[in-house]
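Protein chains: 8
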Amino acid sequence: MNANELKTLLTALSAGEISVAEGLEKLRTLPFEDIGVAMIDHHRELRQGVPEVVLGESKSAGQVFSIVECMAERGRNILVTRLGADKVEPLLTRFPDGEYDPDARTFCLVQKPIEPLGAGKVLVVCAGTSDLPVAREAAVTARMLGNEVDELVDVGVAGIHRLFARADRLREATVVIVVAGMEGALPSVIGGLVSVPVIAVPTSVGYGAAFGGVAALLGMLNSCASGVTVVNIDNGFGAAFAASRINRLGGPKP
Amino acid sequence: MNANELKTLLTALSAGEISVAEGLEKLRTLPFEDIGVAMIDHHRELRQGVPEVVLGESKSAGQVFSIVECMAERGRNILVTRLGADKVEPLLTRFPDGEYDPDARTFCLVQKPIEPLGAGKVLVVCAGTSDLPVAREAAVTARMLGNEVDELVDVGVAGIHRLFARADRLREATVVIVVAGMEGALPSVIGGLVSVPVIAVPTSVGYGAAFGGVAALLGMLNSCASGVTVVNIDNGFGAAFAASRINRLGGPKP
Amino acid sequence: MNANELKTLLTALSAGEISVAEGLEKLRTLPFEDIGVAMIDHHRELRQGVPEVVLGESKSAGQVFSIVECMAERGRNILVTRLGADKVEPLLTRFPDGEYDPDARTFCLVQKPIEPLGAGKVLVVCAGTSDLPVAREAAVTARMLGNEVDELVDVGVAGIHRLFARADRLREATVVIVVAGMEGALPSVIGGLVSVPVIAVPTSVGYGAAFGGVAALLGMLNSCASGVTVVNIDNGFGAAFAASRINRLGGPKP
Amino acid sequence: MNANELKTLLTALSAGEISVAEGLEKLRTLPFEDIGVAMIDHHRELRQGVPEVVLGESKSAGQVFSIVECMAERGRNILVTRLGADKVEPLLTRFPDGEYDPDARTFCLVQKPIEPLGAGKVLVVCAGTSDLPVAREAAVTARMLGNEVDELVDVGVAGIHRLFARADRLREATVVIVVAGMEGALPSVIGGLVSVPVIAVPTSVGYGAAFGGVAALLGMLNSCASGVTVVNIDNGFGAAFAASRINRLGGPKP
Amino acid sequence: MNANELKTLLTALSAGEISVAEGLEKLRTLPFEDIGVAMIDHHRELRQGVPEVVLGESKSAGQVFSIVECMAERGRNILVTRLGADKVEPLLTRFPDGEYDPDARTFCLVQKPIEPLGAGKVLVVCAGTSDLPVAREAAVTARMLGNEVDELVDVGVAGIHRLFARADRLREATVVIVVAGMEGALPSVIGGLVSVPVIAVPTSVGYGAAFGGVAALLGMLNSCASGVTVVNIDNGFGAAFAASRINRLGGPKP
Amino acid sequence: MNANELKTLLTALSAGEISVAEGLEKLRTLPFEDIGVAMIDHHRELRQGVPEVVLGESKSAGQVFSIVECMAERGRNILVTRLGADKVEPLLTRFPDGEYDPDARTFCLVQKPIEPLGAGKVLVVCAGTSDLPVAREAAVTARMLGNEVDELVDVGVAGIHRLFARADRLREATVVIVVAGMEGALPSVIGGLVSVPVIAVPTSVGYGAAFGGVAALLGMLNSCASGVTVVNIDNGFGAAFAASRINRLGGPKP
Amino acid sequence: MNANELKTLLTALSAGEISVAEGLEKLRTLPFEDIGVAMIDHHRELRQGVPEVVLGESKSAGQVFSIVECMAERGRNILVTRLGADKVEPLLTRFPDGEYDPDARTFCLVQKPIEPLGAGKVLVVCAGTSDLPVAREAAVTARMLGNEVDELVDVGVAGIHRLFARADRLREATVVIVVAGMEGALPSVIGGLVSVPVIAVPTSVGYGAAFGGVAALLGMLNSCASGVTVVNIDNGFGAAFAASRINRLGGPKP
Amino acid sequence: MNANELKTLLTALSAGEISVAEGLEKLRTLPFEDIGVAMIDHHRELRQGVPEVVLGESKSAGQVFSIVECMAERGRNILVTRLGADKVEPLLTRFPDGEYDPDARTFCLVQKPIEPLGAGKVLVVCAGTSDLPVAREAAVTARMLGNEVDELVDVGVAGIHRLFARADRLREATVVIVVAGMEGALPSVIGGLVSVPVIAVPTSVGYGAAFGGVAALLGMLNSCASGVTVVNIDNGFGAAFAASRINRLGGPKP
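Line by line, the protein sequences are chains A, B, C, D, E, F, G and H.
Take the first sequence: its letters are residues 1 to 254, numbered as in UniProt numbering.
Take the second sequence: its letters are residues 1 to 254, numbered as in UniProt numbering.
Take the third sequence: its letters are residues 1 to 254, numbered as in UniProt numbering.
Take the fourth sequence: its letters are residues 1 to 254, numbered as in UniProt numbering.
Take the fifth sequence: its letters are residues 1 to 254, numbered as in UniProt numbering.
Take the sixth sequence: its letters are residues 1 to 254, numbered as in UniProt numbering.
Take the seventh sequence: its letters are residues 1 to 254, numbered as in UniProt numbering.
Take the eighth sequence: its letters are residues 1 to 254, numbered as in UniProt numbering.
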């Protein structure tokens with residue numbers, strides 16, 4: 001262990017086993033992570049149940065399988081994102097308890113209970129059914145990170161009354177993830193209705209001047225509703241990760 | 001008159017005053033507008049009160065003055081658009097009956113009554129106060145073209161309840177012009193609330209990733225509400241012109 | 001029925017069956033659409049024959065089939081757009097009266113007579129044969145919405161005399177949809193020839209600097225002919241929907 | 001008061017003073033905000049000390065003065081953003097207690113104590129001195145919204161050791177706002193060092209291929225560090241507003 | 001024939017067989033091309049040997065076959081461009097005299113001698129071997145249009161001495177077509193070496209920041225050598241067509 | 001003279017005055033232009049009357065004056081382009097025979113007769129009056145290069161009949177320069193009407209989605225009329241230079 | 001040999017075997033590379049072991065095989081880049097000593113020892129595992145060009161401590177190639193840590209607003225660390241080629 | 001001094017003055033730069049004469065003056081870049097030995113001899129006179145960094161023989177900086193002529209489709225000549241900084 005190595009070094013110095021010059025030299029060349037930046041992973045080590053995350057997109061079925069198998073041995077919970085349905089067979093055979101969500105394109109393996117982050121609720125709102133895969137990725141991720149999650153589907157701005165009919169569920173959220181393609185207007189409307197943080201996720205849904213999500217992205221960045229922040233196009237995972245960091249603030253103090 | 005000239009030609013031919021070859025040659029070289037495409041200006045001649053339109057933007061105060069003076073002599077109504085306040089003085093001195101709207105940056109000179117197009121109403125809706133100049137240009141233009149005009153200001157999507165509070169005025173319109181900058185989401189919401197044509201006008205209001213109106217333009221082109229059509233950024237005049245063509249359809253038959 | 005529910009509530013209050021406080025609470029939490037925004041679908045309920053619309057593009061043959069079958073049971077007319085030829089077989093087997101247009105990629109099922117909107121005519125003009133699929137989608141949609149439709153094909157600006165040869169058909173339209181790719185110049189020319197509303201549809205036809213329809217889109221947004229409005233690239237359906245809203249204005253009063 | 005009006009209406013109905021039909025009609029046309037969406041401003045009314053915000057950018061000195069004077073009479077705290085130094089004179093003369101920050105280009109008038117949101121701290125980090133105006137706008141805004149604020153200046157990634165030397169201050173924040181222009185890399189580095197939410201603000205600082213902040217914006221949207229969300233270019237105010245919504249979650253429950 | 005029809009009409013009028021009113025009406029509704037714009041095809045009719053052109057790209061093998069067969073019956077020469085190798089089999093079977101160029105992806109059927117335009121020579125220069133397909137399309141097209149054609153391959157600017165070694169062939173051209181991808185610099189160098197018209201064709205060759213030919217296109221539009229004009233990306237056909245119009249000017253007078 | 005120097009060198013070698021090694025060395029280091037590439041300026045030296053060209057744009061009035069004065073002494077004809085009206089005074093005082101065109105922003109000093117290139121005529125066509133400066137720059141340049149020039153103003157595609165009325169002047173041109181902003185559609189229409197080369201010049205006229213001439217540029221690059229080539233935005237000079245190279249081909253043989 | 005030919009020519013002239021005029025003519029038409037620009041390949045001829053390079057990307061397996069076989073006969077070392085695994089079989093069968101790197105997609109055939117350039121070391125640093133193919137292409141290329149190469153993988157800025165732990169390897173490099181996708185921030189951090197030249201290679205790794213490497217490219221061009229230069233997206237080969245030119249400067253003088 | 005502090009700490013530990021636990025704690029919280037990353041500035045301290053660099057662009061004359069005065073007191077050499085002529089007066093008055101270059105817009109104050117880096121030479125090549133300011137900034141910077149510098153002006157690719165006439169000076173350079181706007185083709189040509197590193201600097205010179213240097217930037221990134229690397233638009237300083245890092249490799253070993 002790093003902290004131990006450092007302690008050993010200092011003890012040796014204290015005991016006169018090495019000289020000040022030797023100690024100086026060793027410290028200068030020690031990997032920096034060993035003596036301070038280790039805080040980065042500090043919380044991670046404390047919190048049990050945080051999943052390992054594997055990006056399935058650019059990997060073969062075999063590669064994903066090997067990685068998951070290797071991680072599974074350590075008893076960790078595992079979340080595979082962007083995993084095409086054609087790659088999931090070996091995983092499901094090997095881990096019958098694993099769950100594959102074909103909409104979210106996620107594979108979840110829960111080997112020990114997910115520790116809840118606290119009392120807050122992450123609400124994932126979705127403008128149209130075509131935006132569903134990204135919304136589901138966000139929802140699955142948020143759950144795997146210990147959040148209570150609620151989902152609201154198909155409440156686009158062109159039928160705004162459908163959104164208003166669920167105003168109570170908007171009111172109950174600690175943080176809202178809004179997923180929308182095309183003109184990306186939904187976060188602006190919701191940002192004006194709630195007083196909690198709103199994370200907007202543009203999707204690549206649309207055609208022509210949608211430019212693969214750019215129109216929605218620009219719409220969200222220019223939102224007239226303050227309090228809205230934005231992640232990359234189709235980045236449901238990133239939105240959920242940020243939402244989880246936010247939601248944890250409202251939970252019981254660590 | 002062109003039709004007369006053509007008639008004269010044919011009569012001469014019929015009377016043997018000119019030969020077939022001569023007639024053929026004359027017809028071949030006659031300006032095309034004289035014998036068919038003249039329909040273009042047909043309606044214009046029939047409708048009294050249609051204003052002459054002058055684009056003030058790239059012209060000097062002197063140039064605008066000369067053009068307006070020349071037109072005024074023919075007794076026509078005149079609309080000058082995009083006229084900076086620094087160029088209007090000579091016009092107001094010369095035409096004390098003219099009206100300058102500093103928001104719309106329009107100068108209107110009404111010398112004969114504007115003939116109303118019919119019973120329909122053009123509603124101009126405006127997302128924010130910064131979008132007001134473009135909205136006002138649209139409103140002034142629509143009035144000069146003979147439309148009854150209603151205006152709704154500052155009903156952006158981030159405070160969507162302000163829009164709903166005026167639902168009755170949305171209901172009364174024959175055609176709605178929606179002016180919005182930033183994310184340009186308002187036309188989608190309104191397109192879902194009304195069943196009449198909606199013309200969306202993106203404005204260059206905003207900063208950063210608004211890209212001078214591009215974000216709003218893309219938002220409107222990708223509107224999830226069917227029935228929305230779009231004009232160029234800041235083109236209040238064009239929206240009103242198109243709205244007037246539409247509104248005329250609902251009026252008394254010509 | 002919503003209005004009925006509201007009436008029941010008020011009647012109960014009036015009859016003293018519930019208290020003012022109870023009424024207040026119930027009203028506060030009632031879905032908003034039930035008490036006001038319901039106007040949205042008001043006209044829809046009045047007009048018989050308006051089709052249900054299904055976007056076939058991102059759905060499997062099975063999904064489309066299920067949706068259409070479900071809708072068909074309610075006796076509605078149905079329009080499926082962007083339906084690839086490889087998905088249409090099950091529909092045609094099940095609904096032998098349905099019509100599939102391989103150019104427009106539309107499937108239409110007419111179960112009760114389409115009620116005509118009125119006397120006006122929607123003219124769909126098409127610059128080149130490559131633009132035909134988008135033009136056909138517009139034409140089919142407009143007909144399903146109750147419009148009389150005329151079509152003019154292959155009258156691009158590089159052979160402008162072909163357009164002029166059909167000037168009479170331009171004259172007869174109430175609203176003109178102009179479909180063009182490449183430089184998208186046709187709406188400007190037509191906008192200068194007619195005095196009715198013109199809806200321009202850029203297509204993704206072209207290569208290189210056509211940028212998938214962006215060149216045509218920009219050309220149309222910058223049209224020097226006033227009265228032209230624009231929809232998204234390849235959005236024949238949207239153009240027809242807007243045209244239908246416009247055309248209805250000229251029909252018999254509802 | 002709206003709720004009162006509704007109560008009056010129901011009471012009258014209950015008392016038989018108006019009929020069910022009359023009640024139905026009145027409810028149908030009541031502004032919607034009065035009966036449900038009023039929750040929007042609910043929290044605002046509860047929280048004392050929340051400032052009124054005025055965007056100074058596109059307003060004249062006279063307009064800003066009038067608005068501020070009008071608001072000041074109601075005893076509210078006021079924050080004017082994007083206020084050029086040339087417009088601030090009248091405000092400072094009229095409100096000697098007001099403070100103008102020439103870097104942030106903000107004017108703050110605190111008429112009643114700003115109620116602290118809670119124990120959390122918003123840290124504003126700034127890559128270079130040129131990014132300072134945006135960072136200061138964020139800091140001033142966050143303070144006016146009741147947050148405790150810390151600031152870290154000139155810790156760009158090209159001299160990354162300067163950032164590490166202040167690791168303790170990173171550790172103390174509840175939410176971090178990272179302001180950076182040019183390549184916008186700082187949020188990625190900080191996102192990897194902390195476990196709290198990070199809000200990235202691209203600035204228009206740079207030249208050439210910086211494209212007015214687009215390079216920084218894209219860099220931030222593509223951050224390899226999860227948990228980073230982004231606001232519009234130069235939008236220090238928006239970042240602070242979102243940070244405040246987040247920070248409030250960690251404070252004492254309302 | 002159109003001119004004949006017009007003559008017949010005038011003769012009938014002259015002979016009193018139809019009245020002036022009837023003549024007026026017929027003239028007004030005659031297709032415009034019949035009485036004046038017919039000049040468009042004037043030269044085409046005079047020049048024998050000008051090929052019919054078919055764009056093969058978006059057509060099936062069957063469609064191309066039908067079109068070519070239909071045209072071939074009229075005895076015309078035929079040029080099919082952008083014809084994939086998988087579509088050419090039926091054509092070659094049916095027309096054994098036809099020639100398919102797999103580089104240019106062109107099919108040529110010469111049924112009557114191509115009439116040479118004159119003494120000038122079109123030189124097609126090509127920066128790299130990857131640009132060859134576009135260069136070959138230009139060369140084949142120019143030959144089919146009656147031009148003498150010379151070709152210079154693989155003389156990119158990074159090995160500029162290879163170009164200078166063929167200076168004599170540059171000197172002999174009447175018009176030069178320069179085909180280049182990547183940075184598109186070759187037209188600038190050649191434009192500085194020759195004193196005849198230079199037509200630049202950007203190609204989509206390249207990767208990354210080549211953006212499918214946009215880098216080359218911009219390079220050519222910004223050429224520091226005057227006298228260079230540009231066509232669309234990969235538009236070898238268009239360059240040859242324009243070059244042929246130019247080359248004809250230097251030939252024997254028609 | 002270079003050729004002379006080379007001759008002298010070879011003669012000296014032939015006469016044994018220098019050794020082969022010396023000759024080899026001198027040849028290796030001779031400026032390359034001296035021994036072959038000199039053809040570049042060959043034609044220039046032969047043609048009298050070709051003007052010197054000075055780009056006035058980024059130069060001070062003093063700099064322009066000095067350059068012109070220096071050139072004038074050599075008796076050459078001089079063309080200054082993009083010369084603001086505020087810089088022309090000293091030139092007109094010093095060269096009273098010089099002509100300044102405030103539209104074209106050109107200054108021409110003709111000190112010896114401009115030798116005509118031949119019988120052909122360059123026609124400059126201009127879509128709108130705002131495009132006039134660029135069109136005039138093209139016309140003035142073409143004249144200074146020895147071309148006969150005709151000009152056609154304000155014949156935009158939205159009033160296409162105005163163009164047809166001047167069909168005869170289109171017929172007389174050897175090469176047509178078409179100048180247009182906004183949607184840039186005019187070259188397509190003209191390219192379909194004439195059979196001579198067409199050079200399209202996009203202008204930066206327009207606003208919003210005109211993007212400073214990009215919309216017009218894209219429109220022209222995607223022209224559906226073959227035979228159209230394009231130059232940079234606002235590059236009237238370049239279009240005229242290319243047109244002159246083309247027109248020379250049709251003139252008397254050099 | 002060219003220099004020999006020139007010598008022969010001059011000797012013949014000196015000996016009176018050819019006249020001055022003949023010598024003049026021959027010199028004028030000699031390929032230019034023969035008499036001066038030959039310096040271009042001068043160094044190439046001196047350095048043994050420099051490989052021939054073949055771009056495999058747009059070539060068939062057969063084409064690549066033929067080219068390599070032809071080159072191999074001349075005994076040269078050969079580097080094939082961007083060679084898909086499906087094309088390598090014939091090469092490996094024919095040249096069993098050749099090595100194919102499936103990550104780098106390179107095939108190397110070393111037939112004679114690669115001459116080392118000198119003492120310096122090229123370090124290839126790679127932000128994430130997805131960037132590995134480009135990094136490997138750079139490493140393989142640099143080795144084939146005679147450079148000593150070190151590689152550092154997966155040291156992205158979001159886990160910056162991993163980079164610092166290898167500070168010693170950064171210190172040992174003469175030139176550093178930094179390969180990164182997404183936000184492309186790594187070159188800025190490394191540019192601030194080392195004092196040797198840094199060449200940044202953006203990769204097309206990422207999705208959404210990564211725009212195929214554009215975000216990384218812009219990030220690198222705007223690097224706040226001076227001394228960083230950039231090559232095209234995914235251009236590992238080009239980076240290595242430039243690095244080799246740099247590294248050679250530090251080696252033994254040629 | 002940091003290293004001293006560390007030594008003191010270790011000595012105290014060695015002497016038993018502090019415990020191992022205390023030593024551990026202090027080390028963990030020490031600023032990281034103090035114990036390892038200090039290598040960053042190591043070379044800087046060794047090399048005398050390296051100038052301090054001040055970016056003048058966004059600073060007032062007063063701010064620049066204060067910074068320079070403060071630095072000057074420490075006896076360092078100072079380079080101010082992007083300093084408008086209107087800000088230089090106070091500096092020249094205060095430091096009469098300072099030199100202002102109005103082309104480069106640089107102010108140099110040399111207070112102690114600039115130590116030459118070695119024998120190599122940096123060549124700055126410039127396509128046109130408009131590119132001169134950027135080229136001069138590069139040249140001045142390179143000289144201030146201790147490089148011998150040569151400059152070659154106005155050798156654009158449209159007059160390529162002017163470049164070849166100076167081939168000897170290309171041959172003498174250790175590294176070449178190529179500055180070009182418009183199409184940015186010059187680096188490709190030079191990259192093919194020399195065998196040393198080439199750094200390309202796009203400039204914002206040009207108009208229309210030059211897009212403020214983007215066309216040149218893309219041209220350079222897509223250079224067909226390997227060995228070319230690129231910096232940001234107008235970044236003469238950055239190019240010189242990188243060139244200096246390269247040139248140092250060829251100098252005497254430190």
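It is possible that part of the hints are untrue.
[As the list claims (entries may be wrong)] For lysine-lysine, the following DSS-like pairs were computed, each having C-alpha atoms within a straight-line distance of at most 27 Å: (1) Lys7(H) - Lys7(A); (2) Lys7(G) - Lys59(G); (3) Lys121(F) - Lys59(F); (4) Lys121(H) - Lys121(G); (5) Lys121(B) - Lys121(C); (6) Lys121(F) - Lys121(E); (7) Lys121(A) - Lys121(D); (8) Lys7(B) - Lys7(E); (9) Lys7(G) - Lys7(F); (10) Lys59(B) - Lys112(B); (11) Lys7(D) - Lys7(C).
Hints listed in this document are in silico derivations from the structure and should not be mistaken for laboratory results.
Quick rundown of the hints versus the structure:
no. : hint                  : verdict
1   : Lys7(H) - Lys7(A)     : holds, 17 Å
2   : Lys7(G) - Lys59(G)    : violated, 41 Å
3   : Lys121(F) - Lys59(F)  : violated, 33 Å
4   : Lys121(H) - Lys121(G) : holds, 22 Å
5   : Lys121(B) - Lys121(C) : holds, 22 Å
6   : Lys121(F) - Lys121(E) : holds, 22 Å
7   : Lys121(A) - Lys121(D) : holds, 22 Å
8   : Lys7(B) - Lys7(E)     : holds, 17 Å
9   : Lys7(G) - Lys7(F)     : holds, 17 Å
10  : Lys59(B) - Lys112(B)  : holds, 26 Å
11  : Lys7(D) - Lys7(C)     : holds, 17 Å
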